[in-house]
Amino acid sequence: MKMNLNPLRLVSFKIIVLFVMISSSAFASDFSFTPSVTTEFRYFPESPAYDGQLEYFQPSVYFSGEARWISKDRKKRLRFEPFLRVDVQDDERSHFDVRELNYSQRFSNFDLLIGNAQIFWGVAESRNVVDVINQFDEVENSDETDKLGQPLIRFGKFTDIGRFEVYYLPYFRERTFPGGDGRQRGPLPVDLDNAKYDEGREEWAGDFALRYQHQIGQFDIGIHVFTGTARAPFLKSNEEGTSLLPIYQKLTQGGVDIQRTWDAWLLKLEVVIADQSGDNFISNVLGLEYTFFDFSDSGIDIGILFEGLYDNRDENKTASTLFENDIFAGARFTWNDFQESELLLGTIIDWETGSMFSSIEYERRIGENMKFEVEAQYFLAQDSEPLAQFERDSNLTLRLTRYY
Amino acid sequence: MRKLFSNIIMIGLLTFSSFANAETSQEKGFRIAAQSDRMDKGFGTSIARLTMTLTNSAGDSTKRELEIKTKEKPNENVGDKSVTFFFTPPDVEGTALLSHSKILDSDDQWLYLPELARVKRISSSNKSGPFVGSEFAFEDLTAAELGKYSYEWLEDTTLEDLKVDKIKQIPLYQRSGYTYLIAYIDKDINQLRKIEFFNRGGAHFKTLTQSEFKNYGGTIYRPMVQQMDNHLTGKSTTLRVEVYEFGIELNENEFKSSALSQL
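Chains as they are written, first to last, in the working numbering: chain A, 1 to 404; chain B, 1001 to 1263.
It should be emphasised that the hints constitute simulated quantities derived from the structure, not laboratory data.
Be a bit skeptical, because a hint or two may be false.
[Claimed, not checked] The calculated lysine to aspartate or glutamate pairs, modelled on EDC-like cross-linking and capped at a C-alpha distance of 20 angstroms, are: (1) K76(A) x E1252(B); (2) K72(A) x E1067(B); (3) K72(A) x E1245(B); (4) K1120(B) x D263(A); (5) K1256(B) x E368(A); (6) K1071(B) x E1027(B); (7) K72(A) x D1107(B); (8) K1063(B) x D337(A); (9) K1071(B) x E342(A); (10) K157(A) x E1067(B); (11) K1073(B) x D1040(B); (12) K1063(B) x D275(A); (13) K1120(B) x E391(A); (14) K1071(B) x D160(A); (15) K1102(B) x D73(A); (16) K72(A) x E1196(B); (17) K1073(B) x D337(A); (18) K1120(B) x E368(A); (19) K1148(B) x D263(A).
[Unchecked claim] Okay, the calculated bits of chain A under chain B, using three or more residues with CB under 8 angstroms as the criterion: (20) 32-38; (21) 230-243; (22) 262-276; (23) 291-298.
[To be verified] Derived contacts from chain A toward chain B, CB cut-off under 10 angstroms, selection only: (24) E81; (25) W204; (26) G206; (27) Q218; (28) G222; (29) P386.
Since we're looking at a predicted model, the values are computed, not measured.
Cβ atoms here follow ideal geometry from the backbone N, Cα and C, with glycine treated the same way.
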């Protein structure tokens, strides 16, 4: 098992030790720690498309947990969430990350957050084009939901006309990808040890972002600008043609996210205008959600989702995206029971090529301290499409989490 | 002339006061409910740590620990703001619900989902929907606003040796799951002891019982136990107060959606 320990991770580890020391002494205030262990079993019914990829079964286990400490006056907070996965098949998927390890404090007229954090911006369900702070942990799942902890300093201020935030992100996190043994990759694996940076960018080049948020009646509004290194790399074959080199490019973007909440309707819009490596493009998501509460007296809430996705980037110049001209349709079933059972169905279809990605996720709690999840992913694409690389990687995943 | 003038005034006053004496049952219902509601005025802020026990008809039960921070709005025509934070069960630990309650419109609500670090504005037109799988509906937990109902006093009666006023309350806000409620307010400390809920079909299907009232200074009382029984399903939910704190400095900014990820 290969575990690359870069200096930042060692620093993180020291901070963890320090944190545990602080937290045990501060036990008198409000401290909680809930560790968890998850056993995961992934099954790929089809044989792999490329040499070296694992066949059929991919078992793994991951350890996580959340610790939080809040001072007596509720103004100082520490948060810690480590993550360690051990995957039997794919060495790259065996990895450690500090999802969160941060300290925040509220002062009389501003607030500060320092450390590794998870920051979410956006309102849509299928894709969040404005969500730019964290890098995706793509080796975890190809659906862009798992994110690596991002080291940052955030200065925030509430005013009468909304909240303003300034971010400084000193260190860049490179995206994770499945290794040579992994599924859900192209014919060539990504060479993670030889990432390149364009236009003077490097790991420590630093990114800046500004964020504004406000609520006016039915409208929740967010505006941001970002300048730094693009999270999505441009992938280019190496000279020998044996692997893909990730090239991280300079990115400047501005964007808006708006949600109108009206009766049982949610109307959502995310728009970004970006300049990445000389290419100017627009990415946006426009969507709506309607919920049938207590559907025909069943006690079940059913939410129906439709979203249109558009992206006009030049894929010969910038990192490609699977979401160019797509339509997303989905449904969410919430049982409102003891076990908080929930079912999510979703399909994204490219309206130009017919490429399709569908998923079904079901979860429910078992007893007080266990959670059971099932996730099925299905890919369908013409051979000429990028998604065709995943076509034999449709899979079924079972997860059982035990909390302590 | 002068005498005549004062006589007219006297007659006028008498007529007026006799009108005041002949209080209608609607006025009496409102007066008693308002008296009960205004006992609570000026609590400012509160933080309650609660244990919620959900029991199904087979007698199986599950517990949840939560905290509710509330900031009172001094104006009776504006609803209070609250944040509910979940400690257990562990898979939902860190989940928070922010609510800006409105008197007659739908409340504004946001949910914080710790797994995605995401704050999501949710539709709150489901006032009659269950609160986290319990027998409490959202409207039961935000219903303490006087302006949400019309009132009708029914009778003087007793409830377990307590003298109480029995009052019919009809929701004025949209999308309520109830046609009406029957509230029992005691004559001793003016607190709500029991509420019977009547569904859209007119059937008495839920009962809320509040007990173990504790005084927190002045006229502020809180029940330590609130039990909601559903007579149709046989399920019940008990909310037990572990700790109640009043007068804690809670900044207005803590009740903004953009602060919800910082709990």
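Going through the hints against the structure:
For the proposed pair K76(A) and E1252(B), the alpha carbon gap of about 17 angstroms is at most 20 angstroms, so the pair holds. Taking the CA atoms of K72(A) and E1067(B), the gap is about 15 angstroms. The hint holds against a cut of 20 angstroms. Proposed proximity of K72(A) and E1245(B) is supported: the alpha carbons are some 13 angstroms apart, at most 20 angstroms. Of the pairs offered as hints, the one joining K1120(B) and D263(A) holds, with about 15 angstroms between alpha carbons and a cut-off of 20 angstroms not exceeded.
Distance hint between K1256(B) and E368(A) is unfulfilled; the C-alpha atoms sit about 31 angstroms from each other, more than 20 angstroms. Between K1071(B) and E1027(B) the alpha-carbon distance is near 29 angstroms, which puts this suggested pair outside the 20 angstroms criterion. Straight-line distance between C-alpha atoms of K72(A) and D1107(B) comes to about 31 angstroms, which puts the hinted pair past the 20 angstroms bound. Restraint check for K1063(B) and D337(A): satisfied, since their Cα atoms lie roughly 13 angstroms apart, inside the 20 angstroms limit.
A distance of roughly 32 angstroms separates the Cα atoms of K1071(B) and E342(A); the hinted pair therefore is violated under the 20 angstroms criterion. Annotation: proposed proximity of K157(A) to E1067(B) is violated, straight-line Cα distance about 26 angstroms (limit 20 angstroms). Our distance criterion of 20 angstroms between C-alpha atoms is met by K1073(B) and D1040(B), whose separation comes to about 12 angstroms. With a C-alpha separation of about 51 angstroms, the suggested pairing of K1063(B) with D275(A) is violated against the 20 angstroms cut-off.
Taken as a hint, the K1120(B) and E391(A) pair is broken in the structure, with Cα atoms around 33 angstroms apart against an allowance of 20 angstroms. For the hint pairing K1071(B) with D160(A), the CA-to-CA distance comes to about 18 angstroms; that is within 20 angstroms, so the pair holds. Of the pairs offered as hints, the one joining K1102(B) and D73(A) is violated, with about 29 angstroms between alpha carbons and a cut-off of 20 angstroms exceeded. As the CA atoms of K72(A) and E1196(B) are separated by approximately 40 angstroms, the hinted pair breaks the 20 angstroms bound.
Straight-line distance between C-alpha atoms of K1073(B) and D337(A) comes to about 33 angstroms, which puts the hinted pair past the 20 angstroms bound. Restraint check for K1120(B) and E368(A): the C-alpha separation of about 26 angstroms exceeds 20 angstroms, so the hint is violated. With a C-alpha separation of about 18 angstroms, the suggested pair K1148(B) and D263(A) falls inside the 20 angstroms cut-off, and the hint holds. For the stretch 32-38 of chain A, the proposed coverage by chain B is satisfied: 3 residues have a C-beta within less than 8 angstroms of a C-beta in that chain, meeting the threshold of three.
Coverage of the stretch 230-243 of chain A by chain B is violated. Counting CB-CB distances below 8 angstroms, 0 residues qualify, and the rule asks for three or more. Under the rule that three or more residues need a Cβ within less than 8 angstroms of chain B, the assignment of the stretch 262-276 of chain A holds, with 4 such residues. Residues of the stretch 291-298 of chain A with a Cβ under 8 angstroms from some Cβ of chain B number 3, which satisfies the need for three, so the listed coverage holds. Annotation: E81(A) was flagged as interfacial toward chain B, and the flag holds, the nearest CB pair being 9 angstroms apart, inside 10 angstroms.
The interface hint given for W204(A) is violated, since its Cβ lies 25 angstroms from the closest Cβ of chain B, which is over the 10 angstroms cut-off. Taken as an interface hint, G206(A) does not check out: its beta carbon lies about 22 angstroms from the nearest beta carbon of chain B, beyond 10 angstroms. Of the supplied interface hints, the one on Q218(A) holds, with its beta-carbon coming within about 8 angstroms of a beta-carbon of chain B, less than 10 angstroms. Checking G222(A) against chain B: minimum C-beta separation of about 9 angstroms stays under 10 angstroms; hint holds.
At its closest, the beta carbon of P386(A) sits 26 angstroms from a beta carbon of chain B; the interface hint therefore is violated under the 10 angstroms criterion.
Hints 5, 6, 7, 9, 10, 12, 13, 15, 16, 17, 18, 21, 25, 26, 29 from the list above are not met by this structure, while the remaining hints are.
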